[in-house]
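Below, each chain spelled out in residue letters.
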Amino acid sequence: MLAGNNIRKSFGTSEVLKGVNVQIKPGRISVLIGPSGSGKTTLIRALALLDMPGHGEVVFNGRSYQFPLDANQKIDPPWPDVTVVFQQHFLWPHLTLRKNILLPLSKRTDSHHIVNDLIDIFHMGAFIDRYPNEVSIGQRQRVALARAFALKPKYILLDEITSALDVEQTGTVIRHLLTLRDRGIGMLVVTHLLAFARELLARDEGDQIYFIDDGKILGSGGMEFFNDPGSHRAKQFLSSMDYWSANGQVIHKNSKR
Amino acid sequence: MNTFLQIISNHSEAFLRGIGVTIQLALIIWGSGLAIGTLLGILSTKYKVIIGIPTRLITFILSGIPVLVYLYWAHYPMQTILGVVINPFITAAIVLSTINIFSVSDQIRTQLIDFPEQYTIAAKVCGLSQRTTIFRIQMPILLRQVIPPLLTQQVIMLHSTLFASLISVEEIFRVAMRVNSIEYKPIHIYTALALLFIIVCLPVNGLAIWLRQRFTRNLSES
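Each protein sequence line maps, in turn, to chains S and Y.
Sequential numbering from 1 applies to the first sequence in this note's numbering.
Sequential numbering from 1 applies to the second sequence in this note's numbering.
Warning: the hint list may mix true and false statements.
[Stated by the list, open to error] Derived lysine-lysine pairs resembling BS3-like cross-links, with alpha carbons at most 25 Å apart:
1. K25/S <-> K99/S
2. K18/S <-> K152/S
3. K25/S <-> K107/S
4. K46/Y <-> K107/S
5. K154/S <-> K124/Y
6. K46/Y <-> K124/Y
7. K152/S <-> K25/S
8. K74/S <-> K46/Y
9. K235/S <-> K216/S
10. K124/Y <-> K152/S
11. K107/S <-> K154/S
12. K152/S <-> K99/S
13. K48/Y <-> K74/S
14. K216/S <-> K25/S
15. K152/S <-> K216/S
16. K124/Y <-> K74/S
17. K154/S <-> K74/S
18. K235/S <-> K18/S
19. K48/Y <-> K25/S
20. K48/Y <-> K99/S
[Claimed, not checked] Here are a few chain Y residues that sit away from chain S, every Cβ distance over 10 Å (derived from the structure):
21. I19
22. Y184
23. L193
[To be verified] The following residues of chain Y were derived to be distant from chain S, with all beta-carbon distances above 10 Å:
24. A14
25. P77
26. N87
27. Y119
28. V125
29. C126
30. L128
31. I134
32. P186
I should point out that these hints are in silico values taken from the structure, not numbers from a laboratory.
In this text, all values refer to a predicted model and were calculated from it rather than measured experimentally.
Ideal Cβ positions, reconstructed from N, Cα and C, are used throughout, including at glycine.
Make the full structure from the sequences, and use the hints.
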């Protein structure tokens, strides 16, 4: 399991995470929703140990990382067993898309085989030998996802990965995430699309959603969360997400299974 | 054309000596600038207070002094104050090298500081080792960004070697002026000088442009 216990993180005098507890189980999807500036990305970076939490504990498959760290204490981060796909993709601009996926696999003998499989899965054949600045944002996002999948991580943290994808591509991503979940990979998915969150959670009762606001988890649960989010703030936020999903026609509304 | 070749032929020894001095001077300026400047740029980023701040201060001061004034000041008043007499070639080499060192260090420091953090973050979460990150991610991106402006800077420094003639360094421009005072054929002599600089500088400038077009186009994700 990948878990954050009582995670606190401050930037200067501003406390962004105020004692957050989350659990990401193997083969399960956890969805994190919340308004802008609520601490979603900060939480992802803290769980991935990209930014060390000020206080609290990150547990990865029984290995505990306690914070704050002692002076001169160095830790062995769990990358790429825990990996992250960022909203801005972070592809290396001097390498072709194919090499972006291949580079982290350079020690593997079957790297070309893995990449060829991913090219088929993500339909990247038409643009895989181009550079990141020569393809669309949606295509870059697919490559960023493929690069993370190629690492065969145990946990993937996905930060707003569908923000630049159209409905069809979002549907493809959902299928891939569900396939990964079935292979035992645990995921934390940050999204602002309610329908996307519902689609992910609707398939399995073990999956869960967290609502974060002002650095605190104000609600969590399974599919029932959408009908009974608990706090007034969560209800308020869900209704605004529902409005934008429906009016923006991002994905069809009320996609309950 | 005959006159042109005749002048070159008559003064070939002087011209060759002048070219030799210019090349010597340029090699010292380029070598010290690129080697020490790169090292200073890296150290300025690593030791921001001890090395970074003084380096930036000196770069800022040097940027406000015209090369010629700095060269004259180092050749006349400074030597008088110190009570020493230094060979003009050495004075020119020190002055122009100093300018190049601090210009190069400033460019390296800026590129290192501005290096986009997201590429190293991506390398981390992909499990790349520090060595792979440096050699396969950071270095290639940095070199693509820094080489074209550094080449342009070196061409400017080559041009600046002409100022050395004004403190009596027998480089190619001084030789050309001396030959002209004998022959009084300014069109031929200075055209030959221009051609010489074109032969050396244009390929370097062309290389900088080619590198910029070939590599930096891939550095923007948008």
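Hint by hint, here is what the structure shows:
no. : hint              : in the structure
1   : K25/S <-> K99/S   : violated, 31 Å
2   : K18/S <-> K152/S  : violated, 32 Å
3   : K25/S <-> K107/S  : violated, 28 Å
4   : K46/Y <-> K107/S  : violated, 31 Å
5   : K154/S <-> K124/Y : holds, 16 Å
6   : K46/Y <-> K124/Y  : holds, 20 Å
7   : K152/S <-> K25/S  : holds, 16 Å
8   : K74/S <-> K46/Y   : holds, 20 Å
9   : K235/S <-> K216/S : holds, 15 Å
10  : K124/Y <-> K152/S : holds, 15 Å
11  : K107/S <-> K154/S : holds, 19 Å
12  : K152/S <-> K99/S  : holds, 17 Å
13  : K48/Y <-> K74/S   : holds, 23 Å
14  : K216/S <-> K25/S  : holds, 20 Å
15  : K152/S <-> K216/S : violated, 31 Å
16  : K124/Y <-> K74/S  : holds, 15 Å
17  : K154/S <-> K74/S  : holds, 23 Å
18  : K235/S <-> K18/S  : holds, 21 Å
19  : K48/Y <-> K25/S   : violated, 43 Å
20  : K48/Y <-> K99/S   : violated, 35 Å
21  : I19               : holds, 38 Å
22  : Y184              : holds, 55 Å
23  : L193              : holds, 40 Å
24  : A14               : holds, 48 Å
25  : P77               : holds, 49 Å
26  : N87               : holds, 45 Å
27  : Y119              : violated, 6 Å
28  : V125              : violated, 5 Å
29  : C126              : violated, 4 Å
30  : L128              : violated, 6 Å
31  : I134              : holds, 13 Å
32  : P186              : holds, 49 Å
The structure does not agree with the numbered hints 1, 2, 3, 4, 15, 19, 20, 27, 28, 29, 30 stated previously, though it agrees with the rest.
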